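**Q** Residue numbers (this note's numbering), protein chains in the order written: chain H, 1 to 258; chain G, 1 to 274.
Don't read these hints as lab results, they were simulated from the structure.
One should not assume that every hint holds.
Just the calculated beta-carbon pair ranges, DEER-fashion [to be verified]:
1) G:G69 x H:S170: 33 to 41 Å
2) H:S170 x G:E229: 18 to 26 Å
3) H:L177 x G:P110: 54 to 62 Å
4) H:T2 x G:A106: 50 to 58 Å
5) H:M87 x G:P73: 48 to 56 Å
6) G:D8 x H:R62: 28 to 36 Å
7) G:D178 x H:S25: 34 to 42 Å
8) H:N101 x G:V267: 43 to 51 Å
9) G:G129 x H:R70: 39 to 47 Å
10) H:D207 x G:D57: 33 to 41 Å
11) G:F92 x H:L177: 37 to 45 Å
12) G:A106 x H:P258: 25 to 33 Å
SDA-like cross-link-like pairs, simulated, lysine to any residue; straight-line CA separation at most 25 Å [unchecked claim]:
13) H:K39 x G:A126
14) H:K39 x H:T10
15) H:K39 x H:T16
16) G:K232 x G:E219
17) H:K39 x H:G61
18) H:K39 x H:P258
19) H:K39 x G:A174
20) G:K232 x H:G61
21) H:K39 x G:E123
22) G:K232 x G:R78
23) H:K39 x G:A16
24) H:K39 x G:G64
25) H:K39 x G:Y136
26) G:K232 x H:A212
27) G:K232 x H:S124
28) G:K232 x G:A222
29) G:K232 x G:H262
Quick caveat: nothing in here was measured; it's all calculated off a predicted structure.
All C-beta atoms in this analysis are idealised placements derived from N, C-alpha and C, irrespective of residue type, glycine included.
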Amino acid sequence: MTRLALEEVTFWYPATRAPALREVSLEVAAGEIVALVGKVGAGASTLLLVAADLAPRVTGGRLAGAVRRRARSGIVLPTPWTQLSGMAFTVWDEVAFGPANLGWPGHEIARYVDHALERLEIASLAARDPVTLSGGELQRVIVAGLLAMDPDVVLLDEPTAELDPAGARSVWRLLRLLAGEGKAIVVATSELDAVPDVADRVVWLEDGAVRAIGTPQLLAEDAAGDGGVGTTVAGIWRAAGLAPPYPLTVADAVRRWP
Amino acid sequence: MSAALRLDGVGFSYGAVAALCDVSFEVAAGERVALLGRNGAGKTTLVRLVAGLLHPDAGTVWVGDWDTGERAPEQLARRVGSLFQHADQQLFARTVREDVGFGPRALGFPAHEVSRRTEEALEALALGGHATQHPYDLPPALRKLAALAGTLALEPMLLVLDEPTGGLDRVLRAQVADALREHAERGAALLVVTHDLAFAAETLDRGIVLDGGRLAYDEPLAALLTSAERLKPLGLVPPTVAALSVALDLPGRPVRERDAAHTLARVAGGGPGL
C-alpha cells in the first residue's frame with residue numbers, strides 16, 4: 001500500500017531561481033525503507049521537507065507537481081537541537097509533547113512515551129532536563145518524540161550523525177523493526193556503508209533530480225564509479241583495479257575472496 | 001620544548017556527576033590525535049577544558065606553557081582553535097568571508113594578514129564560491145565547514161575539534177581531512193573528537209580513548225581500530241576499511257582506503273574470480 005507519493009515534484013526555495021528539487025517522482029509503500037543518497041546539496045533534505053509538508057508550508061517557496069499522503073508523517077531534522085519543544089523540563093515531557101498536541105488521552109500518551117523511550121534505550125534519561133543532554137542523547141530523544149506520535153510515515157534526515165557507532169547501529173536496527181511493523185520509512189544518510197543492511201531501495205539524487213533508483217546494489221555499481229556515493233568496500237575494490245561487479249559490504253568481499 | 005597540550009591528572013565534575021577523572025596525556029606539535037569514546041565518556045568536557053570554557057577541579061591543563069586555568073577563553077584563542085558540536089550555529093556575520101575573518105580580526109592582526117588567513121582558510125575548504133553568501137543561506141553541512149574555516153583562520157598551535165564531520169558527505173570529509181593534515185604539517189597539534197572512525201583512520205595517527213571519564217587507551221590508531229574486541233565494550237565498531245583488512249587478513253592490516261586498495265591489488269595480483 002502506497003503511503004507517500006511524490007509526482008513530478010519541483011520545488012523552489014524563496015528568492016531562488018534554481019529549483020532545489022527537479023521533477024522528482026517517488027512512491028513509498030508501507031513496510032519499506034527508502035534511503036536517499038547523494039552529495040550535500042543534492043536535494044535529500046528538501047525532499048524530506050516536502051514529504052513532511054514543511055515545504056513550502058513552513059519554509060515558503062513554490063512547489064509544482066503533486067504530493068499525496070495517505071497517512072500521518074513525522075520528521076527528524078538533521079539538527080536535533082533545533083527540534084526541542086522548549087516547553088519541557090524533563091525528557092519524558094519532551095517526548096510526550098507531540099502526542100499531547102494530538103489530543104490523546106493521558107493513559108495513551110503515557111503508554112506511547114514509555115514504549116518510545118524503551119525502544120531508543122533512553123528510559124534512564126526520562127527525568128533529565130533535555131538541555132543537559134549530549135548530542136547523541138538528544139538525537140535519540142528526538143527520534144523517541146517522533147515514535148511516540150505513532151506516525152505511519154517516518155522521515156529521517158541524517159539520524160545517526162550525532163551517535164557513536166554502537167548507537168548508530170541500534171538506530172538502524174530500530175528502523176528495520178519499524179518497517180516490519182508496517183511503517184513507511186524514508187531516510188537521508190551519508191553513512192553509505194550502513195545502507196545495504198538497512199534499505200530496501202536507494203534513491204540517488206543529484207542536483208535536485210533523481211539520477212537513479214534501485215536496490216542497494218546501486219552503491220556498488222553506477223554509484224561507486226561516479227565518486228561520492230558508493231560504499232567504502234566497492235570503492236576500494238574499484239581503486240585496486242579488480243574486476244566488477246564490486247562487492248558492496250565486507251561480508252560480500254569475504255564471500256568473493258578466495 | 002613544551003608539548004602543545006599537556007593534561008596532568010585532570011578531573012572535572014558537573015555537580016555530583018564526575019565527567020573526567022585523573023586524565024593525563026601529552027600532545028606534541030604536529031601530532032594528529034583522535035579522542036574517542038561512547039556518548040557521555042567525557043570527550044566534550046575535555047574539549048571545553050582545553051578551550052578554557054571550563055576549569056579543572058583537579059590537575060592542570062597546559063597549552064604550551066600556559067595554564068588554561070589562569071587564562072580567559074579569549075586569551076587562549078591565540079593558541080587554541082576550537083570547533084564545537086553544532087558549530088553550524090556559531091556563525092553570525094552577514095557573509096561567510098566576514099565570519100571566517102572574524103577570529104583573526106579580533107586577535108588584532110593587520111588587514112592584509114586577516115585577508116591572507118581568511119582567503120587561505122576559504123580555499124582550504126573549497127568555500128571560495130560561497131564567500132559572499134549569507135551563512136544561513138547555506139545547507140548545514142556547508143555552514144559547519146564555514147565554522148571550521150573560521151577556526152583554521154586562527155592558525156593556532158592546537159586545533160581542538162568536536163565532531164567536525166557530522167553530516168558531511170564523502171567529498172567534504174576528504175576536504176576536511178586534507179585541510180587538517182596540512183595544518184598538522186605546518187606544526188599544529190590536532191585533537192579531534194569524532195565518532196566517525198573512518199574519517200579518524202584517514203586523517204589521524206594516534207588514538208586516545210576515554211571510558212567513563214578515564215583514559216582507557218592511548219596508542220597508534222591503526223592498532224586500536226583493527227581490534228574489534230577492545231572497541232566493542234567502548235561502544236565503538238571498527239570502521240569499514242579496518243573490518244575489511246581483518247576479514248580478508250590483509251598483510252599490514254591497512255586502515256586507510258588508499259593503503260587497502262594498494263594491498264588488495266598486490267595480494268590479489270589479478271587472481272581469478274576477483
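**Q** Work down the list of hints and note, for each, if the structure agrees.
**A** A quick look at each hint next to the structure:
About 38 Å separates the C-beta atoms of G69 (chain G) and S170 (chain H), a value consistent with the hinted range of 33 to 41 Å. Here the CB-CB span from S170 (chain H) to E229 (chain G) is close to 19 Å, well matched to the stated 18 to 26 Å. Distance hint check for L177 (chain H) and P110 (chain G): the Cβ-Cβ separation is about 60 Å, which falls inside the suggested range of 54 to 62 Å. Hint check: T2 (chain H) to A106 (chain G), Cβ distance near 55 Å, so the stated range 50 to 58 Å holds.
At roughly 32 Å, the beta carbons of M87 (chain H) and P73 (chain G) sit outside the given window of 48 to 56 Å. For D8 (chain G) paired with R62 (chain H), a C-beta distance near 60 Å fails the hint of 28 to 36 Å. In this structure, D178 (chain G) and S25 (chain H) meet the distance hint of 34 to 42 Å, their C-beta atoms being roughly 38 Å apart. A hinted range of 43 to 51 Å is violated for the C-beta pair N101 (chain H) and V267 (chain G), which are about 58 Å apart.
Distance hint check: the CB atoms of G129 (chain G) and R70 (chain H) are about 41 Å apart, consistent with the given range 39 to 47 Å. Between D207 (chain H) and D57 (chain G) the beta carbon distance is about 52 Å. The supplied range of 33 to 41 Å is therefore violated. Our hint of 37 to 45 Å for F92 (chain G) and L177 (chain H) holds, since their Cβ atoms are close to 42 Å apart. For A106 (chain G) paired with P258 (chain H), a C-beta distance near 60 Å fails the hint of 25 to 33 Å.
This hinted pair checks out: K39 (chain H) and A126 (chain G) have alpha carbons roughly 15 Å apart, not beyond 25 Å. Between K39 (chain H) and T10 (chain H) the alpha-carbon distance is near 19 Å, which keeps this suggested pair within the 25 Å criterion. Of the supplied pair hints, the one linking K39 (chain H) and T16 (chain H) holds, its CA atoms being roughly 20 Å apart against a limit of 25 Å. For the given pair, K232 (chain G) sits about 17 Å from E219 (chain G) by alpha-carbon distance, which is consistent with the 25 Å threshold.
For the proposed pair K39 (chain H) and G61 (chain H), the alpha carbon gap of about 22 Å is at most 25 Å, so the pair holds. The straight-line distance between the Cα atoms of K39 (chain H) and P258 (chain H) is roughly 34 Å, outside the 25 Å bound, and the hint therefore fails. A threshold of 25 Å between alpha carbons decides the hint, and for K39 (chain H) with A174 (chain G) the separation of about 13 Å falls inside it, so the pair holds. A C-alpha spacing of about 46 Å is found between K232 (chain G) and G61 (chain H), which places the hinted pair above 25 Å, so the restraint is violated.
About 20 Å separates the Cα atoms of K39 (chain H) and E123 (chain G), which keeps this hinted pair within 25 Å; it holds. The suggested pairing of K232 (chain G) with R78 (chain G) is violated, with an alpha-carbon distance near 38 Å, which exceeds 25 Å. Of the pairs offered as hints, the one joining K39 (chain H) and A16 (chain G) is violated, with about 44 Å between alpha carbons and a cut-off of 25 Å exceeded. With a C-alpha separation of about 40 Å, the suggested pairing of K39 (chain H) with G64 (chain G) is violated against the 25 Å cut-off.
Between K39 (chain H) and Y136 (chain G), the direct Cα distance comes to roughly 19 Å. Compliance with the 25 Å bound is thereby established for this hinted pair. The hinted pair formed by K232 (chain G) and A212 (chain H) fails the criterion: a straight-line CA distance of about 36 Å is larger than 25 Å. Between K232 (chain G) and S124 (chain H) the alpha-carbon distance is near 21 Å, which keeps this suggested pair within the 25 Å criterion. Between K232 (chain G) and A222 (chain G) the alpha-carbon distance is near 16 Å, which keeps this suggested pair within the 25 Å criterion.
Straight-line distance between C-alpha atoms of K232 (chain G) and H262 (chain G) comes to about 28 Å, which puts the hinted pair past the 25 Å bound.
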